[in-house]
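Novice: Single-letter residue listing:
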Amino acid sequence: MEVEQTALPGIGLRHDFTTRTGQRVGVVSHRTGRRDLVIYDKDDPDRACQTVKLNDEEADALAELLGAPRIVQRLNALHEQVEGLVSVQLPIPEGSPYAGRPMGEARVRTRTSASIVAVVRGGRVFASPGPDFVFGTGDVVVVVGSEDSTAEVADILARG
Amino acid sequence: MHETAILFLEFGAVLLGLGVLGALALRVGISPIPLYLIAGVAFGTGGVLPLATSEEFISVGAELGVVLLLLTLGLEYNADELMTSLTGNARAGIVDLVLNAAPGAICALLLGWGPVAAVAMAGVTYATSSGITAKVLSDLGWIGNRETPTVLSLLVFEDLTMAIYLPVLTTMLAGLSLLNGAIAVGIALITVSVVLIVALKFGRLIEAFVSSPNSEVLLLKVVGLALLVAGLAQQLQVSAAVGAFLVGIALSGELAEDAQALLAPLRDLFAAVFFVFFGLQTDPAKILPVAGLAALLALVSMVTKLLTGIYAARRAGIGKAGQARAGIALIPRGEFNIVIAGLAVGAGAHPDLGALAAAYVLILAAFGPLAAKLVQPFITAIAKRA
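Top to bottom, those sequences are chains V and F. At position 81 of the first sequence the residue is numbered 81 (UniProt numbering), and the sequence of numbers has no breaks. At position 372 of the second sequence the residue is numbered 372 (UniProt numbering), and the sequence of numbers has no breaks.
Bound-form chain V, shown alone (with noise of 0.2 Å):
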């Protein structure tokens, strides 16, 4: 499957693909962060024959319902199996003692019993990260244990 990618200046951005089943379809990435579905006429394939107009939430909403199922039933299924566990994703923020500093430093296990099991840095994510890695101002940290711990870790980033 091949997707096309096409600039819109002054407006975003373009990707659109054939189906299968020969049905054509389009994202169209406005700057606004809008996001418009596109269908195509099949009797004049240029044609937008229909538009579906999302704000953010509905298109990651729609994304989420396309491409993510799987890993939120995961994500359900760990939470039900676990009674009390919870996972909560906190930012590095700006000012946070440990910014530029290697995680180990924070000795989060040690004070707080929490995990730290993921890094996102820029889209990236640094699964199971080690004591060495150094963490920047930004970092989102993905952080699993008692409701009570997690909000000692969040505390601990942000003050120390």
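Be careful, since some hints might not be right.
What the hints assert, rightly or not - Under the rule of at most 30 Å between Cα atoms (straight-line distance), these lysine-lysine pairs were calculated in the DSS-like manner: (1) Lys221(F) x Lys135(F); (2) Lys221(F) x Lys201(F); (3) Lys320(F) x Lys384(F); (4) Lys135(F) x Lys384(F); (5) Lys320(F) x Lys373(F); (6) Lys384(F) x Lys373(F); (7) Lys320(F) x Lys135(F); (8) Lys221(F) x Lys53(V); (9) Lys320(F) x Lys53(V); (10) Lys53(V) x Lys42(V); (11) Lys201(F) x Lys42(V); (12) Lys135(F) x Lys42(V); (13) Lys135(F) x Lys373(F); (14) Lys42(V) x Lys373(F); (15) Lys221(F) x Lys42(V); (16) Lys53(V) x Lys135(F); (17) Lys384(F) x Lys53(V).
Said to hold, decoys possible - Over the 12 Å line for every Cβ pair with chain V, so calculated as not near, a few chain F residues: (18) Gly12; (19) Thr84; (20) Leu99; (21) Phe209; (22) Ile382.
Calculated from the structure, these hints are not laboratory results. All C-beta atoms in this analysis are idealised placements derived from N, C-alpha and C, irrespective of residue type, glycine included.
Chain F: place on chain V using the hints.
Specialist: Then chain F, alone, in the frame of chain V:
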């Protein structure tokens, strides 16, 4: 009555009137620009309700309107897009330029208005209204269409051409001798190139300077910078409008989006004032005699824009129906054409030029979007049969 009181009364009445007209245009589904022009004609000398005190105030507002119009237009594009469009669509862009500048230029020459007026009229018939066209595309759900990138890149090409054309026109209008004129055009072109290069290479620095998380500070910095550069450009014989346009291009990304959102209401207000001011300068008694000519010119330029769209879309591998849509989308004329005519009239070009341009834009600003709406079902029917 106190002068300020009269000024407020007049200005308030004008704005309120425009608001009512805008609501009317929305209901009918046409662009409000023609209505604003008509309102201006009605308020002007020889009109139904001449304004006495606020004309000077409105004239300054109109100047601000042009600066803001071009600033926000520049904000829509980033320098990369302009360059890609310039290299990728040069051939279609040149066809657009030749086909659509010709009717205006030929018309002015036939009327014996002289070469300067011919250059001005060429601009009046050349530029598509990117504002109205963008609205047509989004209203009719054509943004996702496969011919739309072609239409948009033609618009970008036109805007870039305008950045070069406007300073050349303003120097010609200044009526300098051939040598001094050539020098002034040279300075204008060098200024434009320098600003474009600075925007391409050092856009980030300008952005870093302007950028602010506070919307008030951002607004002040952007408007301040635009006016400063506009004034500087005016001093260098490049029109103020071009200066503002270049400032807009230099700013891109999130900053440009934020600035656009902040500026939109301000631009809408002053742009409306600008159309009124242009109407004010146009004597209604002069419109009627040129109405037939304007209609003919409008008809010719509708055909030439249609051909331009068909040519450009065919080159991009678009089907027949899409080619027709591309042509129709390019028909509307509006703000730019009036900006050009306004410059020409302000500099004392042929007295009928303003009236002709006003009537011409009245027709195409109103008819362009309407044509697109009316023709849409026919195009679909043809596509179904083919």
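Novice: Give a verdict on every hint.
Specialist: Results for each hint:
no.: 1; hint: Lys221(F) x Lys135(F); in the structure: 28 Å, holds
no.: 2; hint: Lys221(F) x Lys201(F); in the structure: 21 Å, holds
no.: 3; hint: Lys320(F) x Lys384(F); in the structure: 11 Å, holds
no.: 4; hint: Lys135(F) x Lys384(F); in the structure: 26 Å, holds
no.: 5; hint: Lys320(F) x Lys373(F); in the structure: 18 Å, holds
no.: 6; hint: Lys384(F) x Lys373(F); in the structure: 18 Å, holds
no.: 7; hint: Lys320(F) x Lys135(F); in the structure: 23 Å, holds
no.: 8; hint: Lys221(F) x Lys53(V); in the structure: 34 Å, violated
no.: 9; hint: Lys320(F) x Lys53(V); in the structure: 27 Å, holds
no.: 10; hint: Lys53(V) x Lys42(V); in the structure: 20 Å, holds
no.: 11; hint: Lys201(F) x Lys42(V); in the structure: 45 Å, violated
no.: 12; hint: Lys135(F) x Lys42(V); in the structure: 25 Å, holds
no.: 13; hint: Lys135(F) x Lys373(F); in the structure: 12 Å, holds
no.: 14; hint: Lys42(V) x Lys373(F); in the structure: 21 Å, holds
no.: 15; hint: Lys221(F) x Lys42(V); in the structure: 50 Å, violated
no.: 16; hint: Lys53(V) x Lys135(F); in the structure: 15 Å, holds
no.: 17; hint: Lys384(F) x Lys53(V); in the structure: 25 Å, holds
no.: 18; hint: Gly12; in the structure: 33 Å, holds
no.: 19; hint: Thr84; in the structure: 7 Å, violated
no.: 20; hint: Leu99; in the structure: 21 Å, holds
no.: 21; hint: Phe209; in the structure: 21 Å, holds
no.: 22; hint: Ile382; in the structure: 9 Å, violated
Consistency with the previously given hints fails for numbers 8, 11, 15, 19 and 22, ordered from lowest to highest.
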